[in-house]
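The task is simple: from the sequences and hints, build the whole structure.
Just so you know, the sequences run in chain order L and Y. Every letter in the first sequence is one number past the one before it in UniProt numbering, and letter 116, counting from 1, is 116. Every letter in the second sequence is one number past the one before it in UniProt numbering, and letter 15, counting from 1, is 15.
Think of the hints as simulated: they come from the structure by calculation, not from any bench. Misleading hints may appear alongside valid ones.
[Unchecked claim] The following residues of chain Y were derived to be distant from chain L, with all beta-carbon distances above 10 Å:
#1 T3
#2 A197
#3 S232
[Claimed, not checked] Facing chain L, a subset of chain Y residues (Cβ under 8 Å, in silico):
#4 N61
#5 P75
#6 L82
#7 A99
#8 T215
On a predicted model such as this, the values are computed, not experimentally measured, just so you know. Built from N, CA and C at the ideal position, the CB exists for glycine as well.
Residues per chain are reported as follows:
There are 2 protein chains.
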Amino acid sequence: MDTWMRFMSNDGGVVFGRVENGYLHEYDSLDQPVPTGAVLSLRTLTPLAPCAPGKVVALWNNFHALAAKLDKPVPSHPLFLLKPPGSVIGSGAAIRRPAHYAGKIVYEGELGIVIGRRCRNATVDEAAAAIFGYTIVNDVTAADLLNENPHFPQWCRAKGFDTFCCIGPAILSGFAWRDARVVTTLDGVERQNYPLADMVFSPAEQVSLISQDLTLEPGDVIACGTSLGVGSIKDGATVAVSIEGIGTLSNVLAVGGQDVAAANAAAVPA
Amino acid sequence: MDTWMRFMSNDGGVVFGRVENGYLHEYDSLDQPVPTGAVLSLRTLTPLAPCAPGKVVALWNNFHALAAKLDKPVPSHPLFLLKPPGSVIGSGAAIRRPAHYAGKIVYEGELGIVIGRRCRNATVDEAAAAIFGYTIVNDVTAADLLNENPHFPQWCRAKGFDTFCCIGPAILSGFAWRDARVVTTLDGVERQNYPLADMVFSPAEQVSLISQDLTLEPGDVIACGTSLGVGSIKDGATVAVSIEGIGTLSNVLAVGGQDVAAANAAAVPA
Numbered sequence: 001m002d003t004w005m006r007f008m009s010n011d012g013g014v015v016f017g018r019v020e021n022g023y024l025h026e027y028d029s030l031d032q033p034v035p036t037g038a039v040l041s042l043r044t045l046t047p048l049a050p051c052a053p054g055k056v057v058a059l060w061n062n063f064h065a066l067a068a069k070l071d072k073p074v075p076s077h078p079l080f081l082l083k084p085p086g087s088v089i090g091s092g093a094a095i096r097r098p099a100h101y102a103g104k105i106v107y108e109g110e111l112g113i114v115i116g117r118r119c120r121n122a123t124v125d126e127a128a129a130a131i132f133g134y135t136i137v138n139d140v141t142a143a144d145l146l147n148e149n150p151h152f153p154q155w156c157r158a159k160g161f162d163t164f165c166c167i168g169p170a171i172l173s174g175f176a177w178r179d180a181r182v183v184t185t186l187d188g189v190e191r192q193n194y195p196l197a198d199m200v201f202s203p204a205e206q207v208s209l210i211s212q213d214l215t216l217e218p219g220d221v222i223a224c225g226t227s228l229g230v231g232s233i234k235d236g237a238t239v240a241v242s243i244e245g246i247g248t249l250s251n252v253l254a255v256g257g258q259d260v261a262a263a264n265a266a267a268v269p270a
Numbered sequence: 001m002d003t004w005m006r007f008m009s010n011d012g013g014v015v016f017g018r019v020e021n022g023y024l025h026e027y028d029s030l031d032q033p034v035p036t037g038a039v040l041s042l043r044t045l046t047p048l049a050p051c052a053p054g055k056v057v058a059l060w061n062n063f064h065a066l067a068a069k070l071d072k073p074v075p076s077h078p079l080f081l082l083k084p085p086g087s088v089i090g091s092g093a094a095i096r097r098p099a100h101y102a103g104k105i106v107y108e109g110e111l112g113i114v115i116g117r118r119c120r121n122a123t124v125d126e127a128a129a130a131i132f133g134y135t136i137v138n139d140v141t142a143a144d145l146l147n148e149n150p151h152f153p154q155w156c157r158a159k160g161f162d163t164f165c166c167i168g169p170a171i172l173s174g175f176a177w178r179d180a181r182v183v184t185t186l187d188g189v190e191r192q193n194y195p196l197a198d199m200v201f202s203p204a205e206q207v208s209l210i211s212q213d214l215t216l217e218p219g220d221v222i223a224c225g226t227s228l229g230v231g232s233i234k235d236g237a238t239v240a241v242s243i244e245g246i247g248t249l250s251n252v253l254a255v256g257g258q259d260v261a262a263a264n265a266a267a268v269p270a
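In structure tokens:
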């Protein structure tokens, strides 16, 4: 198991690599993981989302417990929407309330799959081999927009706003997801705590089935869907999603706050 | 009015520029339109989609005539889904039937807006200035998947398959869209012929409103939605979408056909 992160350096460049004992061992990139030889202290670096996905595929209804609660049948194929690249922020950055939206904003703590190599029509075994590692996603939704128009459910709009896809803090390769739980807290109070073993489609099954539809590229992220305990975030509240081994993804909901985003991004973890 | 195209050169490089009298006057890029000084004969070049969008925003229900026929109210905000970057092909390339899908595949001839500069919270005037030009889109759909699951309409999946977003052949800057019509033929028989003046949200209104939600980046495409005459494409049939001044976007529906795609891509227009 290795922990991989992405940072902005003091000169504004982006560095990616393996993190160990407070240092970043730099690598060329996620799909060409060749060490550059550079070793940097994390103290001088500002964390970013651990990858820069060209697309984020977000699953709906992928946990048995949530399907039972919603009284929906378990799907026979992954049901998904797309979140745009510009919606991605890292841990510590602020989720920004859209200027013209006063409604409910909802968190969903999720496991994220990070693709390591191009993947099309993959078997389940090929799909497993194409997974670089696992991260944490908070799949944020402007919930009141979803069914605002009775003729067209606005999944992409409600979930696609800038800053509505929190990813991080790290990618863990070789992660035994089946034994792990997703724990979400809202201002420190636990709201979600569910086992990943309850997933309908396993990560390799998701990658295999989705790759029959869309070519998946290195750095793309699949958000595996959430389970029980989804709820709304008040302005100023902090959502923290933890998966043991990967870490904690923490983001505040700010109003209008480019400055808040910058301030949070500067809070480098030890 | 200038015509802009993108090509693959013999050495596998991608070139972009202004087309005039059978020659490409190369420019750095769409967002930095600075001439490089190179002038290339089109005979040596293979056409690609005229831009490489990081995201394609596709509108639903944006024409009064179609809204009336579907008996749906005209929306108060653009209703959209996202098509992934990997779904984009140029004119002459083949639409490929997904391996595990035997159902109906549908064409939609549309005007495409190509974004020229980063655009966030833009006024209508700022939005108009951020439009680089206009292209043609065939927004292809695996129609039987859309409502296959009664609990979740699969817009992104049905419209997101590789090759399901045909864009081209060119981008026309300074285009007077209001006077133009979209004409779609299927194997030479006219199926759509509708005026762009019937649009609900004008291009600048679309860019302005969507930029309140998502930051639009240079090269991003907004497909303006279609009107009357949508229909299904039989395997082997050719869909040609024309807008006078921009040109004709022509794509065949192939089964299994990487080879067909390559053969079509090699058919360089004069």
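Quick rundown of the hints versus the structure:
| no. | hint | verdict |
| --- | --- | --- |
| 1 | T3 | holds (28 Å) |
| 2 | A197 | holds (23 Å) |
| 3 | S232 | holds (19 Å) |
| 4 | N61 | holds (7 Å) |
| 5 | P75 | holds (6 Å) |
| 6 | L82 | holds (4 Å) |
| 7 | A99 | holds (7 Å) |
| 8 | T215 | holds (5 Å) |
When each numbered hint is compared with the structure, no violation occurs for any of them.
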